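Residues per chain, in single letters:
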Amino acid sequence: DGGITQSPKYLFRKEGQNVTLSCEQNLNHDAMYWYRQDPGQGLRLIYYSQIVNDFQKGDIAEGYSVSREKKESFPLTVTSAQKNPTAFYLCASRSTGAPSGEQYFGPGTRLTVT
Amino acid sequence: AQSVTQLGSHVSVSEGALVLLRCNYSSSVPPYLFWYVQYPNQGLQLLLKYTSAATLVKGINGFEAEFKKSETSFHLTKPSAHMSDAAEYFCAVIFSGTYKYIFGTGTRLKVLA
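For the protein sequence lines, the chains are A and B, in the order given. Letter by letter, the first sequence follows residues 1244 to 1357 of my numbering. Letter by letter, the second sequence follows residues 35 to 147 of my numbering.
Treat the hints as calculated values from the structure; they're not laboratory data. Please note that the accuracy of each hint is not assured.
Label-pair distances were calculated between CB atoms; the ranges are [stated by the list, open to error]:
#1 E49(B) to N1296(A): 49 to 57 Å
#2 T132(B) to F1255(A): 42 to 50 Å
#3 T1320(A) to N95(B): 35 to 43 Å
#4 S1250(A) to Y73(B): 27 to 35 Å
#5 S130(B) to P1251(A): 48 to 56 Å
#6 E1305(A) to N75(B): 37 to 45 Å
Below, computed lysine to any residue pairings styled on SDA-like, alpha-carbon distance capped at 20 Å [unchecked claim]:
#7 K83(B) to K1252(A)
#8 K1300(A) to K1257(A)
#9 K92(B) to I1303(A)
#10 K1314(A) to K134(B)
#11 K134(B) to I1303(A)
#12 K144(B) to A121(B)
#13 K1257(A) to K1314(A)
#14 K134(B) to L1288(A)
#15 K134(B) to K1257(A)
#16 K92(B) to A121(B)
#17 K134(B) to R1287(A)
#18 K144(B) to A51(B)
#19 K134(B) to F1298(A)
These numbers come from a predicted model, not from an experiment. Ideal Cβ placement from N, Cα and C applies to all residues, glycine included.
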C-alpha cells in the first residue's frame, strides 16, 4: 500500500538533546512538508521541499533542520535551539503534477521534551 | 495577506442533527480549497476538495461543501451527524503556482448522544 510513514509514534527526549524524526513516502511524490501542531493553533509549516536536494524554510523554521537526499525521505531534526519543542509533528507529501493536488499526511510523531 | 478563517473552534451538535462547519478565505484570487479531518493522535485525512469544477463538492462519509466566490466561503456540511464524526476538522487552501498550503486553526466537532 502506498503511503507515508513516520517513526516513532511517540518520542521522549531530555532538554538539550537533538532528535531526528523520520518521514518516508512511497507515493513517488516530489514535494514533502513538515508541520508542527499545537492545540488551538492549527498546522504551522516548518520546512518544505519541492525536489531532492532542495528545501525552503516555512513559517517557524528556527531551531529545526531538514535534509532531502532521497525522494522518499525527508527527516526533520529538532535541535536544542528550539525553545519549545514539545508538540505533535506531521509530515506530508504531494504530487507536483497537479496544481490542485491535495497533501497526504503521515500518522504523526508526538515529541515530548523534559 | 492570504488567510483562512474557521469560525468556531468548538462546535457541538446532537446525533442526527445538521453539521455546519464554516471556512472563509481572504484573497482576491480564488484558491483551491480542501477540508481535512483529524482523529485524536492521527494524521489528517482528506474529506473533499474544490478545484474549480463544480461548486458543490461531495466528499467521503456523507460530507459536502459549497464554494461561494461572492462570500469567499467553503463551508462544510453533513445532513445528519453520527457519533463517529466527532473529530477536528481543518480547512486549507493553496493558490495556483505555489507550494505552500494555508490552514485554518481547526474546528473540533463534538456529537452529543
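Here is how each hint holds up against the structure:
In this structure, E49(B) and N1296(A) meet the distance hint of 49 to 57 Å, their C-beta atoms being roughly 51 Å apart. The hint said 42 to 50 Å for the Cβ distance between T132(B) and F1255(A), and at roughly 36 Å that hint is violated. Restraint check, T1320(A) to N95(B): a C-beta distance of roughly 36 Å satisfies the suggested window 35 to 43 Å. A hinted range of 27 to 35 Å is violated for the C-beta pair S1250(A) and Y73(B), which are about 19 Å apart.
Taking 48 to 56 Å as the suggested C-beta distance range, the pair S130(B) and P1251(A) does not conform, at roughly 37 Å. The hint said 37 to 45 Å for the Cβ distance between E1305(A) and N75(B), and at roughly 26 Å that hint is violated. For the proposed pair K83(B) and K1252(A), the alpha carbon gap of about 28 Å is over 20 Å, so the pair is violated. Our distance criterion of 20 Å between C-alpha atoms is broken by K1300(A) and K1257(A), whose separation comes to about 26 Å.
About 34 Å separates the Cα atoms of K92(B) and I1303(A), which puts this hinted pair outside 20 Å; it is violated. This hinted pair checks out: K1314(A) and K134(B) have alpha carbons roughly 19 Å apart, not beyond 20 Å. Between K134(B) and I1303(A), the direct Cα distance comes to roughly 13 Å. Compliance with the 20 Å bound is thereby established for this hinted pair. Our distance criterion of 20 Å between C-alpha atoms is met by K144(B) and A121(B), whose separation comes to about 7 Å.
Straight-line distance between C-alpha atoms of K1257(A) and K1314(A) comes to about 31 Å, which puts the hinted pair past the 20 Å bound. The straight-line distance between the Cα atoms of K134(B) and L1288(A) is roughly 8 Å, inside the 20 Å bound, and the hint therefore holds. Between the alpha carbons of K134(B) and K1257(A) the distance comes to roughly 32 Å, so the proposed pair goes past 20 Å and is violated. For the given pair, K92(B) sits about 19 Å from A121(B) by alpha-carbon distance, which is consistent with the 20 Å threshold.
Our distance criterion of 20 Å between C-alpha atoms is met by K134(B) and R1287(A), whose separation comes to about 11 Å. A hinted pair counts as satisfied when its Cα atoms are at most 20 Å apart, and K144(B) with A51(B) qualifies at roughly 12 Å. Between the alpha carbons of K134(B) and F1298(A) the distance comes to roughly 12 Å, so the proposed pair stays at or under 20 Å and holds.
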